[in-house]
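Participant: The listed protein sequences derive, respectively, from chains A and B. Using our numbering, the letters of the first sequence correspond one by one to residues 1072 to 1533. Using our numbering, the letters of the second sequence correspond one by one to residues 10 to 423.
Errors might be hidden in some of the hints.
Said to hold, decoys possible - Straight-line C-alpha distance at most 25 Å; calculated SDA-like pairs for lysine to any residue:
hint : chain 1 : residue 1 : chain 2 : residue 2
1    : B       : LYS215    : A       : ALA1349
2    : A       : LYS1328   : B       : VAL232
3    : B       : LYS193    : B       : LYS353
As the list claims (entries may be wrong) - Incomplete in silico selection of chain B near chain A, CB under 7 Å:
hint : residue
4    : SER55
5    : THR227
6    : PRO291
Since the hints were derived computationally from the structure, they do not count as laboratory data. Idealized CB from N, CA, C, for every residue including glycine.
Each chain is listed here by its residues.
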Amino acid sequence: MSVLEMIYGTPAGKFVARKAGLSDPPKLRRGRVLPTGPVVLGELAGGGIARETLRLLGIDAGQPILDEPGARVKDDKGRDVPPRYPAKPGAIVIDATGLRQITQLEGIRALLRPVMRSLEGSGRIIILATDASAVEGLEAKAVAQGIDGIDRTVGKELRGGATTNLVFLKEGVRPSDLASTLSFLLEGRSAFVDGQTWRVGPAEVTHDLTPRPFEKRIVVVTGAARGIGAAIARTFARDGATVVAVDMPASGDALAKVANEIGGSTLQLDITAADAGAKITDHIASRYGHEARIWAIVHNAGITRDKMLANLDEKQWAAVLDVNLAAEMRINDFLLAGDRPGGLGEEARIVGIASTSGVAGNKGQTNYAASKAGVMGYVWALKDELEGRPITINAVAPGFIETEMTAAIPFVQREIFKRTNSLSQGGNPVDVAETLAYLCGPASGGVNGQVIRVCGQNLIGA
Amino acid sequence: MTSRNAVVVGGNRTPFVKAGGKYAMASAQDLMTAALDGLVARFGLSGQRVDEVVGGAVLKHTRDFNLTRESVLGSALSPLTPACDLQQACCTGLEAVVYASNKIKLGQARLAIAGGVDSASDAPIVVTEPLRKALLALNRARSLPEKLAAIAKIRPGDLMPVPPGVVEPRTGMSMGESQAMTTKKWGISREDQDELSLASHRNLAKAWDEGFFDDLVTPYLRVAKDGILRPDTTREALAKLRPVFGKGDTATMTAGNSTALTDGAAVVLLAEEEEARGRGWPVLAKVIDAQVAASDYVNGADDLLLAPAQAIPVLLERNALTLADFDFLEFHEAFASTVLATLKSLEQAGVGTVDRTKLNVKGSSLAAGHPFAATGARIVASLAKMLAEKGPGSRGLISICAAGGQGVVAILEA
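Bound-form chain B, shown alone (with noise of 0.2 Å):
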């Protein structure tokens, strides 16, 4: 079999602003084909196919069943480009990329772009069931006196929306709840947490103020700079913050050191490496391999949002690598607690150390912001371009969790 590399060519992304902030108005199609737009404009494609857009939302509407598709319509790639949606909730993003890139590596696409987008502002609005129903009833209903009748099964108390939330429907408990559960049975204190979220606060400042996201990211609605990074923040201000998660004294997280949600999109250009060459397109970094795992949270055997712990292993070991052969190391921020509950797990499974020194050096979730699906391409296009500047062979480990259990973890090496 021919081998072939897919490579990481560049990427973009809006900034990213908290929920019912600035992008409020914009729905989810809109921020994609927003993050499609800047990739387009920066790499000449107006009005070229790619031969695959793959992205995917976490908070869906219906209408966006076709999500991904409608946004490449809308955008000024050529209609001939086809699309599909994915969805692994805070995994979309990176498993797009994995799906895109073992396409081009089974010669299946030489040219593709993944991605993903999430606006917690336009969040479905779910009715009641009695009320969904009656409406449903309402619908079937031929005759008048039918019609009435299902009016009349709707009772005041139905017509409530049942607010969003980000619950595991098998515990029925919210994800911040859940982590608060890990954050106690593995001991990480406040003051960790709070120092991992004003290290992310102050590294993404730093790569801003460097112009490093000068080719990352398009603005979008007069919105040029990720809304939730505060350059200011120091260790006090976090102390300060009441703990928003767990019960009683023990709880230790906080708003500080807690992903917020967030309204955004990412995309990356990912190519066949010689089509990449043949172009004279930069070859940031190879999607070298990717390792998916989930655990058994529901019987409460593992936590919520430690699976990469689970997967890392396996990846590094096909791959004969061990933590200390990375230069980067992009651990997603869901919290500041599970990155160092995920640390200590390896720890303990004798999986390794990770040097601090490498981990989400241009800062991560914590400070930029997590639009679920969004986050994948954001550490991907970021990373490649770390990769890059560091020189060949560099290598760089990203793991990211979802709800549900699960964990994806990749490798991209320069």
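Isolated chain A (complex conformation) (with noise of 0.2 Å):
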């Protein structure tokens, strides 16, 4: 611990702090727990599926209150402002799904002005509209467009932990493909992900919400031993997953631990290891029986050799190239080629870890950031090439999250990054692994080839 660090951890170093505009974060409300306050659903023209979602859901959502001008009230000093909710929101839903026309964007202005103020600590802001890829004409193209640069910027003047996300909605889409999204994005499981857009569209098959949807199912998380490994192993088998952990030799005993204490098993395994994909699966058919099939991979392992170019190597480029997605992809095509014991199910989920480093890079880190943008460009194609198996491919994209490995970069500089985001905070490891969970849901047949940013809706690649 540095000295600046000591100091800001007193009473008068956080005073200080405090005055310097550094003052503590909100607490995030984390886990499987929705929102105190009301859910509130903003339902505009040609909408309706939000509100099948959340009948699905279970949850019985309250009215909205609109701005216009008639609503308004005076303040104590005259001004005209808008109406206010009578309790605090704990989240709004608002379903855009109709929109067309650039007009009709004042809808979105009408119900989101009086939640900005009055929504609870970690509320919820949701949009759904409809992808561009679906609808008809220019000003519809544009209008999706335009929903989410409002998703975007509402993201970065929301206060106390709230969030706000856009969901895309693709063709043919069904209140049953959209129930685990809404389910995450409402519930704590996603307090870290902020401003962020993805799309949803139709499962090829379809699964019911449960609260422990990987029950008798085995999920394979390599690089488990430590840190955001770890807690993507946890979480899993918090929601009844089977773990196969999965990490150097060298890091067995860190490995034995998570295993144990989640009642999974370990694999010390080398992922680059031209036999990676084989050891799993034999792995697996070994210690569960010849039947048993992965129900999903997370390849979460990964390296840095961070360097400037000016100074970086050809084997420190190589080893994190090798490491970061090669060898996932070697191991992918393996468990893709067929069905054999211990590999991968009917339908599978393939989930990949990129970073906000990929999207918009970071000095020192041109190895880093060429495997991580790699994992994105990968997962794109192999959505693609997966057309038609009922199988899917999805990344997160950690920004800044508090690690053993983060908690080493010198104070100021860590404190910078922490809170260059619309949290001002660092993300949990959990965050990041309750996002990887959602898509790997069987529930989360819909949510393909996407890449969610876990990083509080990090300032940089935004």
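Dock the two chains into a complex; use the hints.
Facilitator: Laid out in structure tokens, this is it:
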């Protein structure tokens, strides 16, 4: 701990920090927990799917308050202010799936203005819109993108750990396809996902939403010995999964601790080995029987060899690309090539880890950014290749997450990294894990080819 | 009687390290718990009950009277898992495997874990006999004068602890000194000993490089690899070492061709064959048979560490096998000369010749180290994996010698 960090930790230090604008960040609502306040549904012309989806989730949505000229009231200084909610809403779901005209965007404004200052801490704004590919006409397509701009800006204006996210619906999406996404966004599981946009389409196979979706399902997590990987293993286990925890042989003791804690099993394996895929399937078949199949594989293992490009040699370059990208592709190739004992199930989930560094670049991380942007490109391409198979492939792109690794960053730099996002804090490993678990959920079959940032709407690469 | 097979499903051990090294602060119980936890994790047995865990240690504190059960309680296994301690010097680990296998064969257990641990770093300190007697008297004393009288009996010289040593109570000789006599008696040359030691290091280093131990070893206390292993050692380097056992110019036993005092633990998962197959578990090898023997080393008729040479012919005879019928031979390397003298003894007795290319092909105690009670489980797990890789019908022979002039030998078959 540096001297600065020690001073910062004292009451006097905290007072000075607050004066300097470094106030304590809001504590985020986490886990499978709904907002405390009522969930409000703002249904715009042509919508309807949100109401049905909320009903599937067992949520009785309240009425919205609109900011219309006639409804405004005077405050104590005699200014016109929007009407207020009687009780702080916990979330507002805006069904904008029917919007096709620029003038209709006013409906979103009128719904949002009253909630901007009244949403409870860690409240949610969730906007549903129709994907540009599913609407006709230039104006409609432009409107879709316009909503994206609203989402991103609202995220930056919200306070108190509240978040906003936008989900674009593809052609033919049903409420059952949307339920897992809406549930994820409303609950604390999405605590550090803010200002993001992704797409949901119709699933090839539908499943009901349950609180323990991975019961009797095998989930493979690479890099599971510590940090984000251990959190991923624990989160999947919490949701019922039998976790196969994979990590380097040298991390075997930490790996065993994680596996024993969650009743999983360990596989000490260097994922860059040529036969890594076979080692994984052999392990599963020899622990859980010949009939066992992988429900989901989480490619979390990754390394950094940070160096400015001026100092970067071919070894540091190759090591990062091999572990972070090539190994994942080799293992998937093997698993996707055919049905085998301990192999990939019919309807499996593949998820990888990208990074905001891969989106925006980061000084001293050319190799890392290449590998992580590569993961994104791979996700998009593999999704197309898997067309017609009910397997999904997605990735998350974490921003600043508080781990042993990021704790090693010098204090001042770390504080800056942590605070340069809409939630003014670093994320927790569990935030990444929750998003991955959502993507791997049996009910998330309609979420495919998406890269979701878990970054608190980091200003870099937004 | 229904015939049941006891099979080796897998194993786990800590890396082995030199006594007083990185495990200096770990107790035998810590090490055994770590070995158990690694095995439990490898097979996803957390929270589950195993029919019995059997293990032990050679250097044992009185506080460790229930070492194995306490280790089980500290591990991720279900607390409903019974355990027992067993001790047969360096044969402890193998004897534990035999004990558990026999229970499985008899239907008294379907699933068992066998192993052993030793920490030469955590060896119990013994006080001198006068001090011990004085302390006991002090404990019995009721009045102050009685107490003072008890204390007054203690002499300064009594306060020195008795250093732990691997000394045979019957002969007063250390194991190395006894073996030095054997080495001389059988005419084992320094060159042959160094050669065997070199092979041990090379074979073990190769096995590590190939990832052979990826599913046999779980790191402990930031140690991921055996600490005694010298991958770069050479014939020349070994030849330079000064003899440490034996006297005069004829002494040949050095620190390079004798095993070092080591800390570590090893365990093996055993199951009834149908049980293992039913769970989809690997059936690496069956435990076929075992034999124990003892030598009359006290009267000088036999050698302290050559009892296996007596057990092997009995075992081969009973199973109608010859030394040539084995694909792998695992002879515990207490000292290089122990192995060489055993081989010579077998040859002289007409038992047969061991094909040296099949001997300790993944290295053995000289390179890996030898935490006494852990060695048997280390060898059983490694050999079972080698046999599984070699294929069905392949066979392996294990030979382990021990203090007190004892030896246990066993046959595994894939």
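Participant: Each hint should be assessed against the structure and marked as holding or not.
Facilitator: The hints, checked one at a time:
Proposed proximity of B/LYS215 and A/ALA1349 is supported: the alpha carbons are some 22 Å apart, at most 25 Å. Between the alpha carbons of A/LYS1328 and B/VAL232 the distance comes to roughly 16 Å, so the proposed pair stays at or under 25 Å and holds. Between the alpha carbons of B/LYS193 and B/LYS353 the distance comes to roughly 13 Å, so the proposed pair stays at or under 25 Å and holds. The beta carbon of B/SER55 comes within 4 Å of a beta carbon in chain A, closer than 7 Å, and the hint placing it at the interface holds.
With a least beta-carbon distance of about 4 Å to chain A, the hint placing B/THR227 at the interface is held under the 7 Å criterion. Because the beta carbon of B/PRO291 sits about 5 Å from the nearest beta carbon in chain A, less than 7 Å, this interface hint is met.
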